[in-house]
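Could you build all of it, start to finish, from the sequences and the hints given here?
Number of protein chains: 2
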Amino acid sequence: MGIQVVKNKAMEIAMKIKKLGQDDPRRIIHSIKVGVALTLVSLFYYWNPLYDGFGASGIWAVMTVVVIFEFTVGATLSKGLNRGLGTLLAGSLGVGVNYLANLSGQKGEPFVLGIFVFLIAASATFSRFFPGIKARYDYGVLIFILTFSLVSISGYRIDEFLTLAHQRLSTILVGGAICIMISILVCPVWAGETLHNSVTSNINKLADYLEGFGGEYFYCCEDGEHGVATEKGKSFVEGYKAVLNSKSMEDSMANFARWEPKHGKFRFRHPWKHYLKIGSLTRQCAYQIEALNRHLCPQIQTQDPSQLRRMIEVPCKTLSSESGKALKALATGMKAMTNPSPSSQVHLNAAKSAMNDLKDTLKLGTAQTTNLLEIIPDATVASILIEIVKSVEDLSEAVVELSLKAHFKSIEATVSPEKPQLLHKGTINPFVEAEDEQPHVVISVRGTEDGDLTEKKGSSGTTSLPT
Amino acid sequence: MGIQVVKNKAMEIAMKIKKLGQDDPRRIIHSIKVGVALTLVSLFYYWNPLYDGFGASGIWAVMTVVVIFEFTVGATLSKGLNRGLGTLLAGSLGVGVNYLANLSGQKGEPFVLGIFVFLIAASATFSRFFPGIKARYDYGVLIFILTFSLVSISGYRIDEFLTLAHQRLSTILVGGAICIMISILVCPVWAGETLHNSVTSNINKLADYLEGFGGEYFYCCEDGEHGVATEKGKSFVEGYKAVLNSKSMEDSMANFARWEPKHGKFRFRHPWKHYLKIGSLTRQCAYQIEALNRHLCPQIQTQDPSQLRRMIEVPCKTLSSESGKALKALATGMKAMTNPSPSSQVHLNAAKSAMNDLKDTLKLGTAQTTNLLEIIPDATVASILIEIVKSVEDLSEAVVELSLKAHFKSIEATVSPEKPQLLHKGTINPFVEAEDEQPHVVISVRGTEDGDLTEKKGSSGTTSLPT
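If you're matching them up, the sequences are chains Z and R in order. Everything in the first sequence is counted per numbering that gives the first Met the number 0, starting at 0 for the first residue and increasing by one. Everything in the second sequence is counted per numbering that gives the first Met the number 0, starting at 0 for the first residue and increasing by one.
For the record, the hints were derived by calculation from the structure and aren't laboratory data. There could be a bad hint or two in this list.
Identical copies go unnamed one by one, so any copy, or any two together, can satisfy a pair.
What the hints assert, rightly or not - Cross-link-like lysine-lysine pairs, in silico, BS3-like; alpha carbons within 27 angstroms at most:
id, residue 1, residue 2
1, K18, K272
2, K15, K276
3, K358, K17
4, K389, K240
5, K15, K133
6, K261, K362
7, K316, K351
8, K272, K246
9, K362, K6
10, K246, K18
11, K404, K272
12, K17, K6
13, K272, K15
14, K18, K8
15, K276, K246
16, K8, K272
17, K133, K18
18, K334, K276
19, K240, K276
20, K133, K246
Pasting the structure below:
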């Protein structure tokens with residue numbers, strides 16, 4: 000029995016390892032990269048010519064590799080530069096302080112050194128509480144304190160500490176250079192790209208929710224044939240929840256990304272900070288969706304839909320799905336780093352006009368019921384949806400601002416990055432010259448419940464155009 | 000001019016430093032503690048008897064102090080234990096691997112060592128991606144990789160590396176012990192206490208909002224004399240926003256707190272994990288308040304309140320302020336680590352009965368307006384408030400659960416931590432025997448808009464009771 004338990008546990012762990020690797024294969028590659036970098040710096044010890052040059056200081060190279068090799072290039076660069084700068088600054092300061100301490104004679108030296116160590120360690124530690132320093136230079140300050148203490152303390156013992164400082168600095172440089180080169184050259188993981196993808200995928204998650212919401216909420220109003228869509232729809236509900244707590248991850252990625260050189264489509268000074276603004280607007284929208292989601296609970300859904308629900312069904316569904324499509328188009332354009340596609344504006348306008356329809360419906364439609372309590376869930380949903388359109392508009396403006404700041408490529412208006420989407424489901428019969436002398440296109444509009452299946456075969460238009 | 004600019008800049012920085020220290024004086028104390036700890040370990044170098052014992056390994060003590068001394072006791076303990084364990088494990092493994100490599104002869108040794116370093120570094124790096132290991136043992140695994148590389152690589156060079164390992168381990172122990180002792184004995188900052196205070200203060204922020212919301216939202220319905228309350232009320236609006244992004248801070252504090260020994264009112268195995276549950280429910284409630292807050296915007300407020308707003312004003316105000324008071328009582332009890340006070344249950348019940356009043360008002364009150372759009376903001380506010388009562392109830396249950404798990408002190412039911420509060424404002428004239436032979440109490444109910452000013456002078460009752 001005991002063996003079986005161990006076996007099961009081992010299987011479980013093996014499955015977990017497999018899943019972790021499958022979820023993000025970059026993790027496996029990163030682990031291998033760290034192994035390679037460490038084996039490389041081991042050469043400092045194994046290979047005699049190098050050992051003779053650097054001596055026992057080779058351990059600093061090992062230490063540097065272990066400590067600064069991070070998952071993303073930005074984090075590795077940030078730690079490497081922080082370590083280098085911190086060591087350099089603290090080293091020079093340490094040399095100066097040692098010189099001062101030497102002046103105070105054999106007896107006074109330890110006291111002078113002790114006082115300096117205390118003062119500099121305490122003030123540098125305090126500086127780590129500044130939010131700006133904490134976010135970017137925390138590790139550098141740590142290394143500053145460490146190196147200053149080591150240099151000034153060792154200086155008291157080892158007379159040739161300039162050699163030591165030089166050895167230490169050069170081994171750190173070699174270790175850091177190996178890390179940074181492997182990190183950048185072998186399957187690099189860019190913090191900037193991760194941030195870019197995470198922000199766009201968050202917008203996509205909201206879009207999925209909004210596209211699915213209408214069908215789910217108004218499910219009971221519909222006839223049986225739409226039941227399948229609802230089953231499929233369940234999966235979108237959980238996606239947006241991850242957006243709610245995305246702030247800390249985005250903040251740290253933006254901090255790392257600013258160290259990264261030009262990569263892929265991103266310049267060195269890509270406006271990473273602006274992603275935080277978009278991220279914050281995305282979370283605002285996610286909070287509203289959280290409020291909306293409370294109304295999807297089955298206990299609130301009545302089997303017999305209220306009159307109000309029937310009244311608002313069409314505009315609400317259009318508003319929700321068009322907002323979702325506008326977000327999806329925004330996310331697609333942003334992901335491809337092209338100027339926001341016109342289709343996102345089209346969908347946003349459609350959502351706005353649906354919002355006005357909804358407002359009109361509410362303004363004109365008389366409440367036939369005397370029971371306000373019954374209509375409250377539907378009224379709330381309508382109210383939240385109206386606000387969501389505003390949120391989507393804000394988000395859209397922020398993405399446009401980003402596209403200007405980051406010089407996104409503009410695409411020709413006629414080339415849509417997605418399959419063309421029209422508001423109405425219809426086919427356009429191309430004009431055939433042989434059959435008819437009059438140039439025309441015939442467009443038949445089949446329905447409005449799904450805009451995805453449109454095929455645009457001829458020139459665009461919304462009605463028959465005999466010319 | 001140039002000097003003036005520098006002077007202004009220096010003044011600005013000085014002000015920032017002062018503010019940082021005033022905001023949390025523990026930061027200054029922490030900085031001094033780090034300085035003291037570093038000066039203490041410097042003794043390893045300055046004081047000859049110690050130096051003779053430990054030799055150049057004294058630098059490991061300095062390094063340990065700089066690296067593991069964190070702001071909270073829990074973080075320091077976590078890093079210290081991780082460092083100790085990681086060093087011990089990697090040290091023993093390094094010795095074993097060295098023994099194996101020795102067997103493979105002069106030529107084979109570097110290859111065997113290189114392969115082991117690669118395999119162990121890569122697999123340990125991969126293990127850092129497991130969420131459970133990342134949260135608690137990340138630093139330990141880092142130190143494991145570092146020590147293993149150092150020991151196995153140095154082993155190839157230095158024959159007496161057992162002495163080195165022993166020296167390194169003992170200096171790390173001494174450095175760690177100094178850090179942990181200073182951290183615990185001198186003005187300790189406990190992660191557990193910080194988590195406890197942060198969770199209760201977050202509940203308090205929501206309570207402030209809910210207590211202020213009614214007066215703010217229904218301001219335009221009231222006459223001039225309440226204007227002052229509104230001015231004062233403005234400050235509560237921003238407080239809750241900090242709650243929205245509190246997750247990552249709470250997660251890390253809970254991880255540190257589990258390392259901390261008994262301190263203050265907290266046992267060693269205090270149910271810190273349960274605070275995360277309460278924190279998550281608090282955020283749920285904050286999301287709802289975020290939805291509510293959108294309706295405080297001035298552009299939505301109409302100068303002429305709708306009929307519906309007048310109808311729902313009293314129950315909404317009561318619901319909101321009683322929910323706020325229930326949360327405040329919960330937070331007060333939780334902060335003092337006493338069982339949830341009966342008053343929180345009283346307020347929760349009052350909020351629930353206000354919720355039922357509100358529902359009844361909505362059920363019975365006819366919508367005289369034909370313009371549904373006009374009543375939608377008020378309907379939404381009512382709907383969100385109804386949901387908030389459910390959230391407050393969930394939060395209350397979670398706090399009760401915590402009080403059981405953490406064995407909070409129970410207080411006597413008759414001792415209320417606050418002044419007694421009733422739902423209705425009224426006075427009870429005590430029965431005066433001399434004037435009238437019939438025993439009775441006269442209760443006059445003056446109004447319902449404020450429950451705070453009630454004085455309970457006689458026996459309780461809801462109407463005149465001539466007996």
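Results for each hint:
no.: 1; hint: K18 / K272; result: between (33 angstroms within a copy, 26 angstroms between copies)
no.: 2; hint: K15 / K276; result: between (35 angstroms within a copy, 25 angstroms between copies)
no.: 3; hint: K358 / K17; result: neither (52 angstroms within a copy, 53 angstroms between copies)
no.: 4; hint: K389 / K240; result: both (20 angstroms within a copy, 20 angstroms between copies)
no.: 5; hint: K15 / K133; result: between (34 angstroms within a copy, 15 angstroms between copies)
no.: 6; hint: K261 / K362; result: neither (54 angstroms within a copy, 63 angstroms between copies)
no.: 7; hint: K316 / K351; result: within (12 angstroms within a copy, 33 angstroms between copies)
no.: 8; hint: K272 / K246; result: both (13 angstroms within a copy, 22 angstroms between copies)
no.: 9; hint: K362 / K6; result: neither (67 angstroms within a copy, 62 angstroms between copies)
no.: 10; hint: K246 / K18; result: both (26 angstroms within a copy, 26 angstroms between copies)
no.: 11; hint: K404 / K272; result: within (11 angstroms within a copy, 44 angstroms between copies)
no.: 12; hint: K17 / K6; result: within (16 angstroms within a copy, 60 angstroms between copies)
no.: 13; hint: K272 / K15; result: between (35 angstroms within a copy, 23 angstroms between copies)
no.: 14; hint: K18 / K8; result: within (15 angstroms within a copy, 53 angstroms between copies)
no.: 15; hint: K276 / K246; result: both (11 angstroms within a copy, 19 angstroms between copies)
no.: 16; hint: K8 / K272; result: between (45 angstroms within a copy, 25 angstroms between copies)
no.: 17; hint: K133 / K18; result: between (34 angstroms within a copy, 16 angstroms between copies)
no.: 18; hint: K334 / K276; result: within (16 angstroms within a copy, 35 angstroms between copies)
no.: 19; hint: K240 / K276; result: both (19 angstroms within a copy, 16 angstroms between copies)
no.: 20; hint: K133 / K246; result: both (16 angstroms within a copy, 19 angstroms between copies)
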